[in-house]
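Student: Going down the list, the protein sequences come from chains A and B.
The numbers in numbering that gives the first Met the number 0 rise by one with no breaks, and the one at position 127 of the first sequence is 126.
The numbers in numbering that gives the first Met the number 0 rise by one with no breaks, and the one at position 23 of the second sequence is 22.
Please note: incorrect hints may appear among the correct ones.
Since the list can't tell identical chains apart, any single copy or any two copies may satisfy a pair.
Here are the simulated DSS-like cross-link-like pairs (lysine-lysine), alpha carbons at most 27 Å apart as the crow flies [as the list claims (entries may be wrong)]:
#1 Lys-130 <-> Lys-8
#2 Lys-123 <-> Lys-33
#3 Lys-130 <-> Lys-373
#4 Lys-33 <-> Lys-150
#5 Lys-98 <-> Lys-352
#6 Lys-248 <-> Lys-123
#7 Lys-239 <-> Lys-290
#8 Lys-337 <-> Lys-317
#9 Lys-352 <-> Lys-130
#10 Lys-123 <-> Lys-98
#11 Lys-150 <-> Lys-290
#12 Lys-130 <-> Lys-232
If you are wondering where the hints come from, they were derived from the structure by calculation, not from laboratory data.
Protein chains: 2
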Amino acid sequence: MRQSHLYTKTLKEAPSDEVSKNAILLTRAGYIHKEMAGVYTIMPLGLRVLTKIENIIRHHMDTVGNELLMPALSPTERWEATGRLDSIDVLMKTAPANKASEERSSASYILNPTHEDVITPIVKNITRSYKDLPVAMYQIQSKFRNEARAKSGLLREREFRMKDLYSFHVSQDDLMRFYEEMKSVYANVFRDIGIGKETFITVASGGDFTPNFSHEFQTLTDAGEDVVYLDRKNGIAYNKEVVTEENAKKLGVDFGTLEQVKACEVGNIFPLDTRFSSALDYTYIDDKGEKQLVYMGSYGIGPTRLMGVVTEVFADDKGLVWPASIAPFSLHLIVLAKEKDADSYKQAEELYKKLTEKGVEVLFDDRMVGAGEKFADSDLIGIPMRVVVSDKSLLAGGVEIKERTSEKSEVVTIDELLKTYTGNCE
Amino acid sequence: MRQSHLYTKTLKEAPSDEVSKNAILLTRAGYIHKEMAGVYTIMPLGLRVLTKIENIIRHHMDTVGNELLMPALSPTERWEATGRLDSIDVLMKTAPANKASEERSSASYILNPTHEDVITPIVKNITRSYKDLPVAMYQIQSKFRNEARAKSGLLREREFRMKDLYSFHVSQDDLMRFYEEMKSVYANVFRDIGIGKETFITVASGGDFTPNFSHEFQTLTDAGEDVVYLDRKNGIAYNKEVVTEENAKKLGVDFGTLEQVKACEVGNIFPLDTRFSSALDYTYIDDKGEKQLVYMGSYGIGPTRLMGVVTEVFADDKGLVWPASIAPFSLHLIVLAKEKDADSYKQAEELYKKLTEKGVEVLFDDRMVGAGEKFADSDLIGIPMRVVVSDKSLLAGGVEIKERTSEKSEVVTIDELLKTYTGNCE
Chain A
0 MRQSHLYTKT LKEAPSDEVS KNAILLTRAG YIHKEMAGVY TIMPLGLRVL
50 TKIENIIRHH MDTVGNELLM PALSPTERWE ATGRLDSIDV LMKTAPANKA
100 SEERSSASYI LNPTHEDVIT PIVKNITRSY KDLPVAMYQI QSKFRNEARA
150 KSGLLREREF RMKDLYSFHV SQDDLMRFYE EMKSVYANVF RDIGIGKETF
200 ITVASGGDFT PNFSHEFQTL TDAGEDVVYL DRKNGIAYNK EVVTEENAKK
250 LGVDFGTLEQ VKACEVGNIF PLDTRFSSAL DYTYIDDKGE KQLVYMGSYG
300 IGPTRLMGVV TEVFADDKGL VWPASIAPFS LHLIVLAKEK DADSYKQAEE
350 LYKKLTEKGV EVLFDDRMVG AGEKFADSDL IGIPMRVVVS DKSLLAGGVE
400 IKERTSEKSE VVTIDELLKT YTGNCE
Chain B
0 MRQSHLYTKT LKEAPSDEVS KNAILLTRAG YIHKEMAGVY TIMPLGLRVL
50 TKIENIIRHH MDTVGNELLM PALSPTERWE ATGRLDSIDV LMKTAPANKA
100 SEERSSASYI LNPTHEDVIT PIVKNITRSY KDLPVAMYQI QSKFRNEARA
150 KSGLLREREF RMKDLYSFHV SQDDLMRFYE EMKSVYANVF RDIGIGKETF
200 ITVASGGDFT PNFSHEFQTL TDAGEDVVYL DRKNGIAYNK EVVTEENAKK
250 LGVDFGTLEQ VKACEVGNIF PLDTRFSSAL DYTYIDDKGE KQLVYMGSYG
300 IGPTRLMGVV TEVFADDKGL VWPASIAPFS LHLIVLAKEK DADSYKQAEE
350 LYKKLTEKGV EVLFDDRMVG AGEKFADSDL IGIPMRVVVS DKSLLAGGVE
400 IKERTSEKSE VVTIDELLKT YTGNCE
């Protein structure tokens, strides 16, 4: 894509109404636009990153379940039935916004912050026998939470993207078999997004749902709102609420020896047992013809939050740094030329054409602005590899390439570059 | 995909709470699940259709604009500024759903039914000079409308998918140039979705926004809520509200000679002129250094509604009929065998493997149920081509193929089938 056609404007200064590093940098670089506290528009550049994150998640979820799309609205009665209408403190509902709307319909709906109460009747409707189980379904859509403070940019939004998967089983054993499988599926997701090394599976409380523990995936970052106790050697962490004398015995862990680190939760997996099947009367018929309650699990990952976390983890003082797998473009091609007739401009145009024809994702800075502005914007936008075409680079034999995370640049021939990125020189 | 892994259950009877053909058939075939009036879950089978519809729309929109993702929530003040807070009679807002939520934050937001009020400040923020214009941006996401009656299934939802594009121009001339371009872009979308012949561009009122006309795209169907006056010869229709003596003179049309037909609006394009730029104070600096109001247009298509309209147009008394471009699968492979050891079952398995390895989208009915049930389900689900593997078909030399819309079947060799769908026999 030509940078002149990318509707964005980088900002030299931090926006006055943001305090988090991720919101400041993503706004400055043109990835997001703030609508109000905790609510952002994902701009074209940001949507390229978000879509890649969601497709990596989708790829791995497809190995264990089917994708569907549930609505954001649900009937209030559903939440009454599960006893969550009053207990979820981030719950929002709808109302008509004016008199004319009130006259059409005065109905009020819940704006879903999660979907256990919605998916359970759906699966109940199609799966009533042990022969039909297990079932796993997931979706990627927008969720809503009435957050009190929303100052952490994409780390805590009032409206945010969510991947939520729900699984349904004949027994706790089968639930726990699937639950263990999901641990590796989640590890694969975070590895592919590029934060595998910074992300640790973390033991958390099972809440009121189960006497078992649940698990979170926590990414180490000073921007995180959580403190976890990290056993770095064994690659496992413990959520603050788990750190009790009783659990120390139960788990055989001396919490006193562990590192206390700040982290941000990027995913969680939860054995729900029969919490929702009993509330919503979801039973199946077992192989003896008896009614049994279905065992459930739920598994969440927040794509927009991940975009914020990746920013917090990798960005430096010059700007964003994207892992290759979720970068908006693979190459940032920059031409330095005084006029569009210049040889360097023509060579850059031709290189852009050849690369894009081969499917390489290139952002081509074709603007007629100075080198300083182009380089600063390039560092801010954070594409993994910068390629400069200028009189100087051509004189030296080709184009100057530099990784975003490196200080060193080198000159390679145009053929070499094409070969590296497209597999051949034509 | 194996039908035994597709979490769905076809229904012989129409659901008792639906009256529209599209909701009845899509529910019976397992494409959608009703949450409440006007709110549906899109089930895995339905999501395959919806994703294809959205990707066709995306493909064509990418030729004229950049994709972004705006939130469903927006600040109330925005709608006050445009004077639409009281005038939009489908407008909904949010409120805390319980006491604990109220204590966190008592704030209320608008649940966007459309995004002119949201996109205008975004584009104003990045585009202030004539040199930066025109700009076109679009999104595909969920919108909310407080509909009074919602009995038409996917044709009128309280929550629905929408593609909305907005364009920004230095002059009315440039707006109208782009507007004309969008007419052909829209025609291409409806052609590719498979309803090109049934869909007519329709002259509609410009409302309070512009003295010009706006345009709708109306698909002929008895399920439609609109009546249009169709000039079939010239391939153009007129919305009921346009049919006045004054417009007859203005347009040089004798409305009395036209067909009155029922239709459903599947898209609209609207010259907004300076309606929103003046309300939200969006000016640009022209080439003489003067401030000028920006001219805007908006352009909508409803993907979920399209799914309903395609159902209404093509379904027959046996079930759904999908155009190839948006069918959930290309082939419905059905095996008829008494046991999984049977030769026919093995051959079907092998054919399924070969086809899917080559990227052909196959739904493989691998269930151990009778031929009658399999054929009835296949007609109901509506995949364009049915392929039956049975002892009988193998004895006749291969597999029996039948188009969904044809009564005739024929036997072709497995090699012929593979060649047709994969380009070679291996």
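Student: Each hint: holds or not?
Tutor: Results for each hint:
1. In the homo-oligomer, the alpha carbons of Lys-130 and Lys-8 lie at most 27 Å apart only across protomers (13 Å), although the nearest pairing inside one protomer, at 56 Å, exceeds that limit.
2. For the identical chains of this complex, Lys-123 and Lys-33 are inter-copy neighbours only, at 13 Å across copies versus 40 Å inside a copy, given an alpha-carbon limit of 27 Å.
3. For the homomeric pair Lys-130 and Lys-373, the shortest alpha-carbon distance between copies (19 Å) is at most 27 Å, but the shortest distance inside one copy (61 Å) is not.
4. Only within a single protomer do Lys-33 and Lys-150 lie at most 27 Å apart by alpha-carbon distance; the minimum there is 11 Å, versus 37 Å between protomers.
5. In this assembly of identical chains, Lys-98 and Lys-352 lie within 27 Å of each other by CA distance neither inside one copy nor across copies; the values are 56 Å within and 59 Å between.
6. Taking CA atoms no more than 27 Å apart as the test, Lys-248 paired with Lys-123 passes in neither setting, with 39 Å inside one copy and 60 Å between copies.
7. Taking CA atoms no more than 27 Å apart as the test, Lys-239 paired with Lys-290 passes in neither setting, with 39 Å inside one copy and 57 Å between copies.
8. With identical chains, the CA atoms of Lys-337 and Lys-317 are at most 27 Å apart within one copy only, with a shortest distance of 26 Å there and 68 Å across copies.
9. Proximity of Lys-352 and Lys-130 under a CA criterion of 27 Å is satisfied inter-copy only: 24 Å between copies versus 55 Å inside one chain copy.
10. With identical chains, the CA atoms of Lys-123 and Lys-98 are never at most 27 Å apart, being 39 Å at best within one copy and 31 Å at best between copies.
11. In this homomeric assembly, Lys-150 and Lys-290 never come within 27 Å of each other (Cα to Cα): the closest approach is 48 Å inside a single copy and 35 Å across copies.
12. Proximity of Lys-130 and Lys-232 under a CA criterion of 27 Å is satisfied in neither setting, with 43 Å inside one chain copy and 57 Å between copies.
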